[in-house]
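Participant: Chains as they are written, first to last, in our numbering: chain A, 21 to 219; chain B, 21 to 219.
These are computed hints drawn from the structure, not numbers from a lab. Check each hint, because a few of them may be wrong.
Intra- or inter-copy, both count: the list cannot distinguish identical chains.
[Claimed, not checked] Restricting the straight-line Cα-Cα distance to at most 20 Å, the calculated cross-link-like pairs of lysine to aspartate or glutamate (EDC-like) are:
id	residue 1	residue 2
1	K74	E59
2	K150	D88
3	K74	E55
4	K44	E116
5	K150	D99
6	K44	D111
7	K74	E200
8	K74	E33
9	K74	D88
10	K150	E86
11	K44	D88
12	K150	E179
13	K74	E86
14	K44	D136
15	K150	E202
16	K44	E179
17	K44	E33
These numbers were taken from a predicted model, which means no experiment stands behind them.
Number of protein chains: 2
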Amino acid sequence: MSLFGLSLGRLIEALCCLPGVGPKSAQRMAFYLLESNREGGQRLAQALLEALDKMTHCQTCRILSETDLCSLCADSRRDHGQLCVVEMPSDVQAIEQATNYAGRYFVLMGHLSPLDGVGPEALGMDLLAKRLDTDQIREVILATNLTVEGEATAYYISELAQTRGITTTRIAHGVPLGGELEFIDSNTLSHAFQSRQHL
Amino acid sequence: MSLFGLSLGRLIEALCCLPGVGPKSAQRMAFYLLESNREGGQRLAQALLEALDKMTHCQTCRILSETDLCSLCADSRRDHGQLCVVEMPSDVQAIEQATNYAGRYFVLMGHLSPLDGVGPEALGMDLLAKRLDTDQIREVILATNLTVEGEATAYYISELAQTRGITTTRIAHGVPLGGELEFIDSNTLSHAFQSRQHL
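Next comes chain A alone, as it looks inside the complex (with noise of 0.2 Å):
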């Protein structure tokens, strides 16, 4: 890299932090930058220190946000009787481009994984389980992924929620709309075949 100096060897290794990119990646877009898009590159160096410096978390659902209390928290028509659980802030944009739920959100930042440390403490749950006990919540709908970590993240919280007599729901999971059974694999497929419904 030192062929065209050490800053560009800098920018090309500092790119390689994104998901996604690789060394020939990052290559391709530092050239890029460079050559054809600073003012776009200005940007972006910009943006990044700015959303840094003003993006948190907010305090009550761990959203991130600029404000401490984020816009969905200080939404008063919001139902306060429903708290949907979710891992990452971009299922709760997931759930609320696709769906009409309207009550609140809690989000863990990452799921249960003992292995890589990440206990109860690291995913705010004495937060949640403040809110369970002051909030007045009916339902928690518990929207973690369905891996062997999600799962085991669910199991834990709806434990939370049962003992103190608060109705647990977990999202539905099976065959996709439009999707064709030869080609789901076959844990989904025998998922969707042992969850089946009453018509």
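Here the structure of chain A is known, so what remains is to put chain B in place on it, guided by the hints.
Facilitator: This is chain B only, laid out in the frame that chain A set:
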């Protein structure tokens, strides 16, 4: 995007300017930088600002460089008699990594493309002509891409060189090493057939 605040929206928009990055990947990158790797984000912003500030073009060969004269042009051990003309700085890097070429370079920063308003001036052809006049060049090696525009650019430069009585060569095109004939695209195969050489 206003779900999480304006600065996140701006960051996602700015990331979209990178080649090969669409709104979904940009969102994933933004969440990753803000959630899991703030240090990497800071480093990226700093590296970007530093590179944009320091990187300029070599005044002799037009390659990206931190200094007025790039490390290749400043290296007195390299042969002044050979000049390899390429389209992009990444081409120089590829040639340096793959071959033991020890001559000089000239980087066009593109190819002739009259429809996009890219004429000889934009590619520094006047600078190239001056080098052909003043440097004692024995051979011009044309290593532009084998596209319509790359070929037209190579032809233009070969005219420049030949009117000055300088030998002009073009890098070989054909079936790549290890390439199996049945999987080679028909244009390449046709070209390889036409350019067959005596054993």
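Participant: Confirm or reject each hint.
Facilitator: How the hints compare with the structure:
For the identical chains of this complex, K74 and E59 are inter-copy neighbours only, at 15 Å across copies versus 22 Å inside a copy, given an alpha-carbon limit of 20 Å. For the identical chains of this complex, K150 and D88 are intra-copy neighbours only, at 17 Å inside a copy versus 63 Å across copies, given an alpha-carbon limit of 20 Å. In this assembly of identical chains, the alpha carbons of K74 and E55 lie at most 20 Å apart only when taken from different copies (13 Å versus 30 Å within one copy). Proximity of K44 and E116 under a CA criterion of 20 Å is satisfied inter-copy only: 16 Å between copies versus 36 Å inside one chain copy.
For a Cα distance limit of 20 Å, the shortest separation of K150 from D99 inside one copy, 18 Å, qualifies, whereas the shortest one across copies, 74 Å, does not. Taking CA atoms no more than 20 Å apart as the test, K44 paired with D111 passes between copies only; the shortest distance there is 13 Å, against 30 Å inside one copy. Taking the shortest Cα distances, K74 and E200 never come within 20 Å of each other, neither inside one copy (45 Å) nor across copies (54 Å). In this assembly of identical chains, the alpha carbons of K74 and E33 lie at most 20 Å apart only when taken from different copies (16 Å versus 25 Å within one copy).
When the C-alpha separation of K74 and D88 is checked against a cutoff of 20 Å, the pair qualifies only within one copy, where the shortest distance is 11 Å, while the shortest distance between copies is 38 Å. Taking identical chains as interchangeable, the C-alpha atoms of K150 and E86 are never at most 20 Å apart, the minima being 23 Å within one chain and 56 Å between chains. Taking identical chains as interchangeable, the C-alpha atoms of K44 and D88 are never at most 20 Å apart, the minima being 40 Å within one chain and 26 Å between chains. Taking the shortest Cα distances, K150 and E179 sit within 20 Å of each other inside one copy (14 Å), while across copies they are farther apart (79 Å).
Taking the shortest alpha-carbon separations for K74 and E86, only the intra-copy value of 6 Å comes in at or below 20 Å, while the best inter-copy value is 33 Å. With identical chains, the CA atoms of K44 and D136 are never at most 20 Å apart, being 30 Å at best within one copy and 27 Å at best between copies. Taking the shortest Cα distances, K150 and E202 never come within 20 Å of each other, neither inside one copy (46 Å) nor across copies (66 Å). In the homo-oligomer, the alpha carbons of K44 and E179 never lie at most 20 Å apart, since the shortest distance is 47 Å inside one protomer and 34 Å across protomers.
With identical chains, the CA atoms of K44 and E33 are at most 20 Å apart within one copy only, with a shortest distance of 11 Å there and 23 Å across copies.
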